[in-house]
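Novice: Sequence order for the protein chains is A and B.
In terms of my numbering, the first sequence has 169 at position 169, counting the first letter as 1, and numbering is strictly consecutive.
In terms of my numbering, the second sequence has 227 at position 227, counting the first letter as 1, and numbering is strictly consecutive.
Hints are supplied without guarantee of correctness; some may be wrong.
What the hints assert, rightly or not - DSS-like mimics (lysine-lysine), calculated; alpha carbons at most 30 Å apart, straight line:
no., chain 1, residue 1, chain 2, residue 2
1, B, Lys32, A, Lys154
2, A, Lys64, A, Lys145
3, A, Lys154, A, Lys64
4, A, Lys64, B, Lys305
Think of the hints as simulated: they come from the structure by calculation, not from any bench.
Since we're looking at a predicted model, the values are computed, not measured.
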Amino acid sequence: MSRRDAEAFADFVAARSGALHRAAYLMVGDAQLAQDLVQEALTKTYVAWPRLRDPSRVEAYTRKAITTTAIGWFRKKSWGERTVESMPDGGQAGHADDVDQRAWLWQALQELPVRQRAAIVLRYYEDLTEAQTADAMGCAVGTVKSQVSSGLRKLRDRLGADVLPTDLIEVTR
Amino acid sequence: MTGLLTDVMHERAEGLERTAIDVAGIVREGDKRVRRRRTAALGGAAALTLAVAVAVPALVGGGGPGDDTTVIDPDLAAAFVAHAPSYAVGSEVTVDGTTFDVGRTVRAYVQTDVGVVFSDAEGIVWAANGADVTEVGTVNAKVPRLVVDGPRVGWVERGDPPAFVVYDQSTDETVRDPLQNVEGMSDVRDGQDAAVMYAVDGDVAYVKTQQGAAAWNTATGDLTFLDTEANGFTITDAKNGLIAYRPAGAEDEQVIRVGSTLDSGTEIPLWTAYDLSPDGRYLMGEAESDDVRIFDTGTGEAMPKDDYGYGYFGAYQWIDAEHYAALGFRDPFESDLVDILSCTVVTGVCTPVAEDVGSTGDGFAIPIGVYNS
């Protein structure tokens, strides 16, 4: 890993780009934007490749690049006011409540401030610890706690405690 | 317990169509960025030999050809050049979405064109640029005060007598001189017979020595006295040849004047004044307590300020001549989390830069050069 090895980099992209794209999509709520985000994060990873001497650090570095780039793009492009890709629909009779609940939860997640959304995706989708999430977001563990807590509180305010139980915010590792 | 939220995220993620990543395009763009980065580093070294302010990443180590690990992140360097809003929480400084650790808790700090300069709990002054953290002096540990202009930072160095220091972070050069200070002087602004670093404006540092307020040209060493009766709060700031000051005899009055000398200029009805904009056209100040606004130094009029529903909302840092950073607390009396916003002077319109970034209770700091314990 000490030089910029295009073949090794291509192997990494082939193996992990799907998973990275999925996580990026959850953070930005738009498939094309997520692809642009992954492309940019992978470019930063390629530039940093000689520094990433431990192969296990490569994915963590890319994940951090995705997260911090998304936060930076949010600031520059004011994504906070964007509309989400999928709006809730009525669904099938008999499943309407469940479908509505899931659709509204997705919409509410996408309407969170980007740092809160990223923290929740990293914690509850990527299943990272608070320390790993802090590393990916480039912030302190305390900030992760507050971002996750604020995000979950907003989701609960929007959707009700039966959808997101109160003790959800107390999970720490 | 995390069931529904996690399920929804997995459902959405797994329903996503797999897209092709252009690896060849990434490699081409990556190689181009590496070349640009090396070019920028060489440009920085050349600029240093000319002893001018640099606006590019600086070399920070002794790497050989092809080793790009010795160069500061260009995005971070660009953020400092652009004076993007920054804040610190504990030992971590964040600018434009990038966070770096400076190794010790930040007390007072300022942001320069190339990084940050800060004091710690022991009163040691450090310079940090995202790659290096360098000790550059000492300041009063309990009541530190740092002032900044471009790449230069000024402060009063501890000692008997105390000395004035101007440090240029772009060249790593320091000018240090006690001038007319004498033994027994305080290094705290409101102390007995205080030595004060009021402001830095290009080569000129505005100081209060034992003999009064003076303009000290740090390039030539010339010292021009402005007011022999000045106290520690006479001069608030100086930028682009303009000085914001409280007129003699008006210590208890709601007036600040902005002019090229200490007996001229536009009067603005302020109880407290803070920083002038880089071109001196605007001044941050409070006409009402806890209501920091922007004032036009030509007319004395307040500029528009939108209400975003915060309990406290005010400007704290100039980004450029037309934009400033502001912070908002929803409930300033409950150690609430702070939002950082970027605002336009002429319209008063602000957009969020970072939300819920920290609270005053957990070591949150902004680049205003002072520390409130």
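Novice: Failing hints, ascending?
Specialist: Of the numbered hints, 1, 4 do not hold.
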